[in-house]
Amino acid sequence: MNPFEKIFNYQIASRLEDGGISTVTSHERSWLKGMLLHPAASEALMPETRLKLERLLEGVQALEPGSALISRAGSHERQVYHPHLRQLRQLIVSRSGFRITYEYKNGSAQTAQKGMPYKLEYSMVKREWYLLWYSQQHRMLMRSRLNGIHSVQAETLETMERERWMRASRIYLESHRGETIIQIVREYNEELSRIMYAFSCFEKEVAYDAEEDSYRVTLSYPRDEQDFLLSKLRFLGKRVRIVQGHYLKQRMRETAEKALRRYGVEISEMETN
Amino acid sequence: MARESFDKEIQFLRMLVLTSGAYTRSQLADRLGVSIPTVDKTIRNLKEAAGAAMAGAGDAGLDLADQLRYSYHGAADPMLLFLFRAKSVKASESVRIPLLLGALKESSLTVMELLDFCCAALPADLAAPDEKTIRSDLKYLEEVGVICKAGSGRPSRYRLNDDLIRELSAEELLDLYDFVDIMANTQIPSVQGYLLREGLQKHLSRSAEPGAGELASFGYKYHYYSRILDEAHLFPILSAIRERRRISFLYFSPKTEKSYSSRNTNPLFEKEAQGRKNHVLPLKVVYDHQYGRWYLLGWGKGSLIKFRLEGIIGMDSEEAVSEDEMSMKIIQLEDAIRYSWLIDTGRPIKVRARFFNPGAGFNFVRERVLLQGQWGEIVEEEQESNSFLYEIVVNGITEIKPWLRSFGSSCEIVEPRHLRAQMIQEWKEIASYYESV
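Quick note, the sequences are listed as chains A and B, same order.
To convert, count from 1 in the first sequence and add 1141; that's the working numbering.
To convert, count from 1 in the second sequence and add 68; that's the working numbering.
The hints are simulated quantities; they were obtained by calculation from the structure and are not laboratory data.
Please read these numbers as outputs of a predicted model, since none were measured by experiment.
Even for Gly, the Cβ is constructed at its ideal location relative to N, Cα and C.
All clues stand as given, with none of them false.
Here are the simulated DSSO-like pairs of lysine-lysine, each with C-alpha atoms no more than 27 Å apart in a straight line:
# : chain 1 : residue 1 : chain 2 : residue 2
1 : A       : Lys1399   : B       : Lys496
2 : A       : Lys1147   : B       : Lys207
3 : B       : Lys469    : A       : Lys1345
4 : A       : Lys1147   : B       : Lys217
5 : A       : Lys1147   : B       : Lys155
6 : B       : Lys289    : A       : Lys1345
7 : A       : Lys1193   : B       : Lys217
8 : B       : Lys270    : A       : Lys1193
Which residues of chain B face chain A? A few of them, derived with a C-beta cut under 10 Å, are:
#  : residue
9  : Ser156
10 : Asp230
11 : Lys270
12 : Leu439
13 : Gly476
Whole structure, please, built from the sequences with the hints as guidance.
Below, the structure is given as structure tokens:
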């Protein structure tokens, strides 16, 4: 199966759209049939819908590469669909507010908090769904694991209030961003591709200095994901060096010191050696 | 006509995405092994496809690299999907095919009825098609599954094969859209799923269900969105594996500066191609979640051999091998990669590491080790130091080392000694980077 097909061509696609014509190719049917074999299908689709789809896809060869395609070094796929998704996405689309009861990871519970669902988010690293929601009590955007949510009750939300909360949520996201500049240590330029791949899940800008043959990457990230960024930087080790961002530099220094201490090496000794 | 290849576009987009506009045109040309006019032409073509395929992205004043810049909170649509919409079609075809499908949307029609319809509906400046053209269009559309024969009568009548959309209720379509969105984003392969998602999205927004305009409420964090570029190679390779065929291709190792080289068709100017020509029996494709990269594992030159998909260009399929040979090689490969953290086929070695919980609250370290530690096991937990011992047998230490290092001071390597020594050395070097902080 070649994914480059005439029928997908952008000129054809935009004319089909203008004409209000919906098409489905055998490529897409075959992919869908393959995905219906995944356990998430039975959670995401009502039994009648699944049966209907199975009937509609009868005779279609499932795109199922089997053992010819394998994944490595990923997180265990513990969750793909979550039962709360349907209700929460409906609340988001219908611009509703809610009361939410949930618990933190340490077990402490919050009961019937008033708020507004903002966005549903899946972490490819944790393999888990999260809800971003505006909390009236905390006046800020919260992030809760769907697994930790006990119950959600829809509650009408006045348009004015909704607009205020939406604005506050956007401002929260914008103002809680950090920026740092990473230098690729030049002797590792050979590994540029690998390093850039590692950063490709971040918002970034790259500057290349041809004279120095050196690369600097400006990363922009939500501040509550700082720890994830640090783990990425530790993952890359000595290939990269933080050149701007005092807090991150300090954290890296501390980590290196503490790590060495685990092995019985003191930085002060190192410096005198 | 030679099969249209998108190798150049793929290499180009990858470079733009990974280095986010760091290079000038001449630096790009140099790294791609093409001329500056070729770079300009490629940018023009891609911008046209990107502009048409991505709503709002067609701003001519915007740099292509800016258009592609990753903005997580800004965009829910897979930006690089437009690559798969770049297959060229003749101008007449791009008008005729939508016309035919539009007619079939209303009712089922025969070839002659479609011919009449087309002749009447085509703009005056386009030449009217003949019966042969219409037949070949219909054959193509039937092959690609967009239309099908209606009933078994003669002459054949065709209809739009859109049951999948038509037979589902609005609510079911929303559920299907969510399912497709989730699966395309979290599973591999994705390209066909993204195409289906886009089709459903357009259909739903047309059907004007209340709130249908707000489909994009899901986000995916830490997503390697550039991985779909390599799916261009994935499907031909998977077919070759299924058919037990060898393939040949030029390979540019990602460690070399150049990632492409134009194929000069004029023999007078033919230069030595930059990459190496390889003949390989493909056995498996591996997706690496740590970097969002793909590998091809195969058999060539009498041994197991590994390639990064991103370095492959000019792929052709060759002769098939026997079933016995194929299964023997697959068994050999599976044996060799049983303990590969990624794809290392080196000697298996036992790694033991002690992990420490940094705080008193929820044990995030333990959770992450369980989540990402592959087949490794926690063999011993110690209450007093709030730590545990993790053990794993892996081929070589190179591939697991970055993961262990990513835990920082929460991880101490116990065994093997040389890994422990290396880790100490690396932490010393990292500490020296921040001495003055």
